[in-house]
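Q: Protein chains in written order, with our numbering: chain A, 1 to 309; chain B, 310 to 785.
Watch out, some of these pointers could steer you wrong.
Stated by the list, open to error - In silico lysine-lysine, BS3-like type, Cα no more than 27 Å apart, as pairs:
(1) A:117 / A:225
(2) A:117 / A:162
(3) B:463 / A:117
(4) A:271 / A:290
(5) B:586 / A:71
To be verified - Sample of chain A residues at the chain B side, in silico, Cβ under 8 Å:
(6) 57
(7) 95
(8) 227
Hint data in this document are derived by calculation from the structure and do not stem from the laboratory. For glycine and all other residues, C-beta sits at the position ideal for the given N, C-alpha and C.
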Amino acid sequence: MKPSLILAALFGLAFSAAVPRAEAALNVVTTTTDLASIVSEIGGDKVTVESLARGYQDPHFVEAKPSFVLKLHQADLLVLVGRDLEIGWLPALITQSRNARIQPGADGYFDASLTAKILDLPTGQITRAMGDVHPLGNPHYWLDPENGRRIAKAVQAKLAQKDAANAAYYAQRAADFDRRLTEAQQRWKSMMAPYKGLKVVTYHRSWPNFADAFGLDVIGYIEPKPGIPPTPQHTLDVIQAMKAQQVKLILVEPYFDLKTPNSIASQTGGKVLVLPPSVGGVKGADDYLKLFETEISLLAAAIKATGAK
Amino acid sequence: MFSCVHARTWRPVLRDWPRAYCVTVLAFGVVAFAPSVWAQTPAPAQAQAAAPQSPAELREELQRLRQEFESIRDAYGARLSALEARLQQAGATPAPPDQPAPVAPLPAPPAATAPAAPAPQTQTTEAQVPQGAAGAGGPAGALPVYGNASAMSKIFNPDIAVIGNFVGAAGRNEIDPRPAMQLDEAELSLQAVVDPYARADFFLAASPEGLEVEEGFLTFPTLPGGLLLKVGKLKAQFGKANTLHSHALPWVDQPLVVRNLLGGEEGFNDSGISVSKLILNPVLFLEATGEIYQGENELFSSRKRGDLAYLGRLRGYRDITEGVNLDVGTSIAYGHNDNATDTGTTLTTRVFGLDATLRYRPLRRAIYRRLLARTELLWSRRGEENGDVRSFGLYGSTEYQFARRWFAGVRYDWSERDSDSSLVDKGPSLLVTYWPSEFSQIRGQYRRTRYAEGATANELLFQFLFSIGAHGAHTF
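Using the sequences and the accompanying hints, generate a full structural model.
A: Have a look at this one:
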């Protein structure tokens with residue numbers, strides 16, 4: 001056994017250059033389906049795009065599976081939500097990906113939150129006594145179509161930079177997306193206009209941007225603190241608040257248990273609505289525009305059903 | 310003072326010289342600083358000269374000052390608690406714009422109790438209360454936020470976390486007793502990016518045995534050829550249980566097979582170099598790892614620099630459905646265990662391992678349900694003076710999450726000992742784990758162990774794990 005030989009062999013293996021293969025289409029990996037949808041709106045058939053998380057999955061708690069390592073290994077561009085949403089799983093995947101293009105700080109590491117309008121930015125000192133707070137602000141910012149527009153613009157610039165030959169194509173698709181988004185926004189706004197200021201309760205703090213964009217008033221959360229499961233005392237408080245303010249609607253993300261929301265609804269005469277926060281969260285929410293389409297029509301139907309105003 | 314101690318340990322021959330030196334330095338110091346001390350003492354005397362002279366007046370003055378001090382202290386206490394209340398308010402309901410901040414009643418200014426107080430002192434009292442931070446209805450200024458640009462000096466600090474691992478035991482164990490209660494380990498982790506090419510991770514473990522570098526390594530994640538290179542002190546990538554930090558184990562203790570065949574509770578961790586490569590193929594995730602170690606750890610021991618320890622591992626992984634996956638690996642470790650002999654003959658140990666993990670976690674209910682079933686089998690061939698000892702051991706373990714905060718688990722251990730394969734330790738364990746949050750965990754483990762010596766130990770182990778700070782994500 002000649003250790004020096006083995007060492008030399010290992011180092012030889014380590015530094016033998018295996019050139020990354022050249023690809024026809026730009027290979028984009030996103031952390032969530034919403035970002036994947038926006039990227040494919042801009043990239044069209046010039047990019048391949050895949051999301052690591054599914055739309056019906058809690059994006060805070062995705063498992064760092066080795067199969068994701070393979071996807072990241074091949075990626076030319078990684079688009080992430082940021083604001084610490086993926087802090088529990090993405091950093092380990094990026095390190096293991098052995099892909100220099102998508103390491104933090106590299107050209108192919110693209111944090112979509114940098115262009116978006118972020119809410120719930122904490123000002124005072126924060127501690128974990130407040131639950132699983134996000135020190136960099138609320139990461140569910142894609143639920144405002146205006147932020148979708150901003151992300152699309154930034155994605156267009158990024159794709160044009162990575163693939164200058166198709167810059168005009170991306171610009172044209174981005175303009176088209178922008179136009180369709182503006183049209184749809186007017187329609188959504190008019191659908192929601194009669195319910196402006198409607199008070200709702202949500203499970204997690206996922207909806208501040210959505211509420212902001214469509215005039216909802218979130219008066220409370222089923223979770224006592226972000227990431228902390230419901231407690232009996234807090235549930236009673238929510239029931240009292242809902243009764244006092246005549247709130248009839250409880251919005252729940254598809255990945256939460258419905259037991260507590262249902263029991264609150266039965267005691268307040270309210271209604272539980274499973275509302276998808278992401279593309280693919282429920283049937284029909286197949287892309288970024290259809291996500292809002294689905295959300296707005298589900299909401300409108302639920303509001304009518306409760307007879308709330 | 311420290312330099313004197315060092316001097317003594319360095320030069321035992323000149324034992325008297327350092328002492329004389331220290332005395333000289335001290336004497337010089339006293340002489341050098343004495344004049345300034347004397348120079349300062351007259352200052353208060355002069356100040357007093359301007360103040361009232363008679364003892365009665367002095368007493369009165371003292372009384373007044375004390376009252377003043379107490380009133381200032383009360384005012385500060387009230388303001389501090391008002392500020393705390395505001396902070397809590399802010400945490401519970403962020404940004405309620407139309408709700409006025411709670412106004413704390415402040416005690417009357419000290420002037421009322423001390424009409425004769427000298428003017429300059431009253432002014433200092435007021436100046437010391439910072440504007441806007443009083444918590445008395447003033448504007449809520451931006452307080453420092455972690456990672457904020459205002460904290461420039463901290464911005465390149467590594468992510469720091471501490472994990473406490475408190476373990477208690479009840480019942481009888483004559484063979485391998487542990488204390489009734491003990492802070493088994495406080496793990497300090499320091500993690501940051503070094504430069505555009507590398508990141509560094511340190512895990513320092515403070516235990517009753519002392520402070521130890523559990524791991525401390527540099528990772529190069531961006532080498533050409535799809536390689537991942539780690540250099541430093543590492544937990545060897547042997548199987549699964551050996552690679553996990555004690556707080557990441559699904560049990561309170563390590564399985565018997567790790568203790569018997571991989572060197573002990575700490576397992577195989579050593580200084581070395583690790584290279585791993587993805588073997589790309591369309592069927593499954595395949596990763597090959599090669600590691601070289603110094604060869605001096607709980608499993609191996611070497612007398613010569615060239616007696617290194619080697620490790621090879623091949624790991625395959627495949628998603629069966631989106632919620633079910635299978636993870637299978639094989640590892641081999643080879644090194645010297647020369648300390649087992651006094652005669653100078655070269656002895657070697659080889660350990661071969663197989664591990665398999667089946668995971669189930671439905672994506673829609675990922676925070677409520679999961680199942681992890683794992684087994685590891687180890688074969689050891691250890692050189693002893695009177696011939697090789699071949700031994701075998703295994704564990705099988707299952708953990709099931711049945712509610713958002715609750716896990717139940719079971720494990721079975723069976724293992725021969727690496728120095729004598731006729732000695733077999735075995736026994737089952739039952740576990741219940743409760744998670745108050747992601748950052749703390751309470752666990753109970755009932756363990757019944759039949760040791761080779763014939764003794765049976767029935768024990769109840771309990772564990773509190775708690776984490777503060779920013780601990781990096783764990784690998785899968």
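Q: Hint by hint, note whether the structure agrees.
A: Here is how each hint holds up against the structure:
1. A:117 / A:225: holds (23 Å)
2. A:117 / A:162: holds (25 Å)
3. B:463 / A:117: The given pair, whose Cα atoms are some 26 Å apart, holds under the 27 Å limit.
4. A:271 / A:290: Distance of about 23 Å is within 27 Å: holds.
5. B:586 / A:71: holds (15 Å)
6. 57: holds (4 Å)
7. 95: holds (5 Å)
8. 227: holds (7 Å)
Of the numbered hints stated above, none is contradicted by the structure.
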